[in-house]
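Student: Sequence:
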Amino acid sequence: MRRREKGGVLKGSIFNGWRLTAGIAAVLVLLSAVMVQMAPDPVHQARWVIQLTAWTSLLLFGLAFTASSLVRLSPSPATRWLRRQRRYLGVSFAVSHLIHLFGIFALMDLDYALFQQLTNRMTVVAGGGAYLLIMAMTLTSFDRMVRLMGPAAWGWLHLIGGWYIWASFAVSMGKRLGQGPLYWLGLGVVLSMLALRLLSRRAATAKVA
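Take any residue in the sequence shown, note its place counting from 1, add 1, and you have its number in the working numbering.
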């Protein structure tokens, strides 16, 4: 029989490690395929995949970004499990955003005029920077790369990358507030991540003092 980890999650199950990442990736591909099948035309196929993966990326990034904060503020089997899976949720976020990028490329190819209408040069440059950081952070999610980089360089990369991606989500949600209440919810989620990180840091400082 498989051993249970603390928190009741079966060790070696799909809810742990790279199996978790593979499971989430499979769900992301399936959901994207459903969007493609449901959309009325190729342009809507691309746009619906972009919209879907924007939200799945926000969810997965938020879980990875706040995992340590949550366990510090509210230690429990669930939050400890979340912290153990932080690496795998981060890679799952990268998979989601890769599908998102495929959708963007598809929209560019299908209707470049619409793509230009929906974006601008600054967005493209800032988004390109985010993707470079996501790629670097994903490549350094493997133990061998961590050893090659050293803990200090690895820490700085993931610190800077994490906050850059957080800021990208904040700007992305903030500039769409006029498009409906869903983006107010999205901005609320992004600001909640900030609040958790700040509260966690305050708690850690108070504990040391």
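Among these hints, one or two may not hold up.
[Unchecked claim] With beta-carbon atoms standing in for the labels, derived distance ranges:
1. M123 / G18: 35 to 41 angstroms
2. A205 / H45: 44 to 50 angstroms
3. D110 / G151: 37 to 43 angstroms
4. P76 / A196: 29 to 35 angstroms
5. R148 / L195: 28 to 34 angstroms
6. A168 / A79: 25 to 31 angstroms
7. V30 / L140: 17 to 23 angstroms
8. R148 / L111: 16 to 22 angstroms
Quick caveat, the hints were computed from the structure, so don't treat them as lab data.
Note that the Cβ used here is the ideal one computed from N, Cα and C, for glycine as well.
Student: Now, for every hint given, state plainly whether the structure supports it.
Tutor: Status of the hints after comparison with the structure:
{"no.": "1", "hint": "M123 / G18: 35 to 41 angstroms", "result": "38 angstroms, holds"}
{"no.": "2", "hint": "A205 / H45: 44 to 50 angstroms", "result": "47 angstroms, holds"}
{"no.": "3", "hint": "D110 / G151: 37 to 43 angstroms", "result": "41 angstroms, holds"}
{"no.": "4", "hint": "P76 / A196: 29 to 35 angstroms", "result": "18 angstroms, violated"}
{"no.": "5", "hint": "R148 / L195: 28 to 34 angstroms", "result": "32 angstroms, holds"}
{"no.": "6", "hint": "A168 / A79: 25 to 31 angstroms", "result": "28 angstroms, holds"}
{"no.": "7", "hint": "V30 / L140: 17 to 23 angstroms", "result": "21 angstroms, holds"}
{"no.": "8", "hint": "R148 / L111: 16 to 22 angstroms", "result": "43 angstroms, violated"}
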